[in-house]
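**Q** Sequence:
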Amino acid sequence: MYAIALVAAVAIFVPGPRSPWWEILFQVPIGPSCGAAILVGIRGLPRAERVPWWFLTAAVLCTCTAPLPDQLGTDWFPGDGPDIADYLFLAFYPLMATGLTLMLRTLHRRTDWAALVDALTVTVGIGLLAWVYAIEPAWRDSAGGSPLSRLVTVAYPVADLALLALTILLLRSSGRRAPFWIGVSLGGYLTGDCAWVLLFTLNSDWGQLWWTGRLINALYMLSLLVLALAAARPDFRDHGTGAAAVSRLSLPQLTLLTGAVLISPVLLVAQDIAGRVEDAIAIAIGSAIMFLLVVTRMAQLLKQAERQQQAVHELSRRDELTGLPNRRAWTDELPRILERARADHTPVAIAMIDLDRFKLFNDRYGHPAGDRLLKEATAAWHSALRRSDVLARYGGEEFIAVLPGVDVSQAIVVLERLRLVTPQDQTFSAGVATWDGTETSDQLIARADLALYAAKNAGRDRICDAAALPTARL
Numbered sequence: 001m002y003a004i005a006l007v008a009a010v011a012i013f014v015p016g017p018r019s020p021w022w023e024i025l026f027q028v029p030i031g032p033s034c035g036a037a038i039l040v041g042i043r044g045l046p047r048a049e050r051v052p053w054w055f056l057t058a059a060v061l062c063t064c065t066a067p068l069p070d071q072l073g074t075d076w077f078p079g080d081g082p083d084i085a086d087y088l089f090l091a092f093y094p095l096m097a098t099g100l101t102l103m104l105r106t107l108h109r110r111t112d113w114a115a116l117v118d119a120l121t122v123t124v125g126i127g128l129l130a131w132v133y134a135i136e137p138a139w140r141d142s143a144g145g146s147p148l149s150r151l152v153t154v155a156y157p158v159a160d161l162a163l164l165a166l167t168i169l170l171l172r173s174s175g176r177r178a179p180f181w182i183g184v185s186l187g188g189y190l191t192g193d194c195a196w197v198l199l200f201t202l203n204s205d206w207g208q209l210w211w212t213g214r215l216i217n218a219l220y221m222l223s224l225l226v227l228a229l230a231a232a233r234p235d236f237r238d239h240g241t242g243a244a245a246v247s248r249l250s251l252p253q254l255t256l257l258t259g260a261v262l263i264s265p266v267l268l269v270a271q272d273i274a275g276r277v278e279d280a281i282a283i284a285i286g287s288a289i290m291f292l293l294v295v296t297r298m299a300q301l302l303k304q305a306e307r308q309q310q311a312v313h314e315l316s317r318r319d320e321l322t323g324l325p326n327r328r329a330w331t332d333e334l335p336r337i338l339e340r341a342r343a344d345h346t347p348v349a350i351a352m353i354d355l356d357r358f359k360l361f362n363d364r365y366g367h368p369a370g371d372r373l374l375k376e377a378t379a380a381w382h383s384a385l386r387r388s389d390v391l392a393r394y395g396g397e398e399f400i401a402v403l404p405g406v407d408v409s410q411a412i413v414v415l416e417r418l419r420l421v422t423p424q425d426q427t428f429s430a431g432v433a434t435w436d437g438t439e440t441s442d443q444l445i446a447r448a449d450l451a452l453y454a455a456k457n458a459g460r461d462r463i464c465d466a467a468a469l470p471t472a473r474l
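Residues in the sequence shown are numbered from 1 upward in steps of one, following full-length UniProt numbering.
Hint data in this document are derived by calculation from the structure and do not stem from the laboratory.
Think of the CB as a built atom: it goes at the ideal place given N, C-alpha and C, for glycine as much as any other residue.
Just to be clear, a hint being listed does not mean it is correct.
Claimed, not checked - Keeping only pairs whose Cα atoms sit at most 27 Å apart, straight-line, the calculated BS3-like set for lysine-lysine is:
1. 456 with 359
2. 359 with 375
3. 456 with 375
Stated by the list, open to error - Simulated DEER-style distance windows between Cβ atoms:
4. 11 with 108: 37 to 45 Å
5. 45 with 296: 17 to 25 Å
6. 295 with 250: 18 to 26 Å
7. 266 with 12: 35 to 43 Å
8. 50 with 110: 18 to 26 Å
9. 345 with 292: 37 to 45 Å
10. 420 with 250: 52 to 60 Å
Full structure from sequences and hints, please.
**A** The structure is reproduced here in structure tokens:
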């Protein structure tokens with residue numbers, strides 16, 4: 001109902017009579033009503049999340065109070081300097097910026113450097129436009145009044161650029177509570193500011209038309225309405241999934257960044273066609289800054305790609321259920337261990353371990369219980385092994401362990417220790433083989449596998465030495 005009432009008020013405001021009191025009647029009450037809606041809407045939030053909204057509420061009250069002295073022509077500061085309305089309008093920006101900064105801190109405990117680079121890239125590009133068409137001409141215009149008056153004129157676009165950067169950071173926030181609608185509200189407000197600059201740049205007479213001011217003021221009012229709804233409605237406040245990760249750029253993000261980077265060459269071409277390149281230094285500086293930002297972004301993407309590649313590599317060599325190295329990792333690691341043993345002239349033993357009657361266990365207790373047994377058993381075995389030993393999942397309920405620096409008798413002692421810590425009264429069969437210094441890793445594994453099958457055929461729950469088999473060498 002609140003939203004419907006305010007939208008209806010804006011709809012009535014636009015075609016209304018040209019009167020200062022009409023402007024005051026509709027614009028000034030927006031502040032208290034939006035502020036009240038915000039304060040009511042954030043009552044259930046934790047204090048840390050309410051504080052940013054307090055600053056946003058103060059910003060809304062300032063910008064909605066400013067039309068009162070502006071329309072009445074109240075001037076508390078005689079001369080050609082800024083009046084009270086300017087100070088109220090300008091107060092909106094630091095209050096809003098403070099609130100947005102605090103909100104970003106609640107969303108991110110760490111600085112999102114990728115989002116910061118994106119925000120700076122867009123801000124520098126649009127800032128170059130603002131410098132060429134608004135900031136530099138206003139500051140250079142001696143007819144613009146005193147230095148203080150010109151400083152106030154310049155402060156508006158500069159403050160807009162600061163809010164633009166913060167808005168982009170908000171829209172790049174990740175997580176369910178990304179304040180999408182706050183970004184929409186600020187986007188509408190900044191669009192109104194840009195419209196003023198654009199009108200006066202293209203034709204100063206257009207900026208003096210009362211109906212253009214009326215439409216832009218209506219846009220401001222609707223923007224503040226969206227801000228109030230973002231606080232008052234939980235479904236609005238929690239909306240938004242945030243932006244993609246550092247390594248991913250969505251099409252809208254890429255389009256926005258591309259457009260920002262192209263601003264400087266387009267400006268240069270436009271001024272060259274006009275026959276006067278008046279802002280060469282500004283364009284060069286802006287281009288250099290954006291070039292450095294693009295290089296920084298590329299470095300971030302490459303670094304993230306390397307991290308992801310490393311993570312994928314690790315995952316491909318790790319068993320998902322137990323967290324142990326998988327067969328692929330084992331196949332890569334065993335030859336290296338054997339080469340070290342050859343160089344150091346030390347023995348190496350490997351053991352094939354198979355949980356007894358695991359299929360029966362699965363059928364009786366279910367596959368989730370079987371998975372738990374595998375995880376508990378491997379965790380217990382891993383804790384009983386030395387740091388230099390390697391335990392891997394070979395497949396199903398079969399595991400393989402490499403024991404550097406031990407002979408067969410020592411390996412059997414280690415395996416007996418593993419039998420004692422096997423959980424849920426489960427037993428296992430194992431086959432042990434000691435490397436002879438010449439055989440390949442596949443031959444060594446094959447001998448241990450034969451010893452394992454010999455242990456299982458002998459009745460399970462035992463350890464068999466490959467050297468004791470009739471075929472001790474394949």
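**Q** Confirm or reject each hint.
**A** Now for the hints, and whether the structure bears them out:
1. 456 with 359: holds (14 Å)
2. 359 with 375: The given pair, whose Cα atoms are some 16 Å apart, holds under the 27 Å limit.
3. 456 with 375: holds (22 Å)
4. 11 with 108: 37 to 45 Å: holds (38 Å)
5. 45 with 296: 17 to 25 Å: violated (35 Å)
6. 295 with 250: 18 to 26 Å: Holds, since residue 295 and residue 250 (Cβ atoms, about 21 Å apart) stay within the stated range.
7. 266 with 12: 35 to 43 Å: holds (41 Å)
8. 50 with 110: 18 to 26 Å: Check passed, 22 Å falls within 18 to 26 Å.
9. 345 with 292: 37 to 45 Å: At 56 Å between Cβs, range violated.
10. 420 with 250: 52 to 60 Å: holds (56 Å)
Of the hints listed earlier, those the structure fails to meet are numbers 5, 9, in rising order.
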